[in-house]
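> Sequence:
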Amino acid sequence: MPMMPDPPHPPIELSQSFDDILKFMGWSMDAWKAGFGTKREIFEWAGATKFFNPALFRSHGEGFTKVKADRKMYAEFVLWAEEKNAIQITGENSTKRRRDHQALRDAALIYFNKKGLFDALARERDQRATLKRVFSGSQVRDWTELGDYWKGVKLIMDAVRERLGGDEGVLKLYDVEGEDGVKRVVLEEKERLSLAASRDETCPAELPMKMEDDLARRVEDLSMR
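The sequence shown begins at 0 in numbering that gives the first Met the number 0 and counts up by one.
These are calculated hints, taken from the structure and not from any lab test. No experiment lies behind these values; they were computed from the predicted model shown. For glycine and all other residues, C-beta sits at the position ideal for the given N, C-alpha and C. Among the hints, a few may not be true.
No more than 16 Å apart at the CA atoms, straight line, and that leaves these computed lysine to aspartate or glutamate pairs for EDC-like [claimed, not checked]: (1) Lys114 / Asp18; (2) Lys131 / Glu75; (3) Lys32 / Glu12; (4) Lys113 / Asp179; (5) Lys83 / Asp69.
Now the in silico label distances, taken between C-beta atoms and shown as ranges [what the hints assert, rightly or not]: (6) Lys171 / Met28: 22 to 32 Å; (7) Pro1 / Asp141: 15 to 25 Å; (8) Ser135 / Glu12: 40 to 50 Å; (9) Lys131 / Glu187: 13 to 23 Å; (10) Lys71 / Ile109: 42 to 52 Å; (11) Ala47 / Gly136: 16 to 26 Å; (12) Lys131 / Asp29: 48 to 58 Å; (13) Thr129 / Arg162: 44 to 54 Å; (14) Gly165 / Phe17: 34 to 44 Å.
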């Protein structure tokens with residue numbers, strides 16, 4: 000099955016239909032069914048596609064990776080491609096044989112109806128990267144100056160997500176107001192939760208209430224004397 004490389008991300012499967020693959024590549028099904036009498040006929044058939052670029056195949060030179068010994072036929076194909084490339088370099092059509100990688104990729108994605116999937120995956124990666132940059136735990140901690148009080152950071156992030164409708168809402172706010180908008184909501188939720196830097200596990204929002212209760216008891220003790 001053909002896979003569309005998308006480094007450094009996993010490749011995308013284009014199709015499992017042999018007929019569709021041959022049609023896209025421009026290879027003759029009749030020739031394939033009839034069979035080939037020589038290796039050169041196979042090479043000519045494989046090189047008949049409009050996407051074939053012999054300049055991509057090399058048996059030596061910078062960046063060359065040695066072909067494994069058990070891949071004898073492929074090694075012969077590389078030598079054949081080098082011959083084709085040498086002829087085209089001196090010919091009129093050398094420029095025409097250079098294909099833009101982006102255009103080829105888009106053509107394959109559209110033909111096999113994978114363009115929507117490819118674009119969706121790219122958007123998802125971009126959104127994750129944006130979210131990690133503008134709404135990470137470290138970023139929220141720096142904005143709120145909570146130091147090592149990570150529990151408080153999590154409380155704020157959970158509150159922001161609940162208020163905005165999840166990570167998607169955070170990204171929508173970022174699209175409209177930028178990083179300043181996200182920071183504003185973070186600080187508003189910090190104030191609403193009455194959070195402050197703390198080294199213990201007691202929620203800072205509970206501290207004022209405990210202090211008031213202690214003071215009230217002391218006042219009652221004094222009044223009973």
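> Among the hints numbered above, which are violated by the structure, and what are their numbers in rising order?
1, 2, 3, 4, 5, 6, 7, 8, 10, 11, 13
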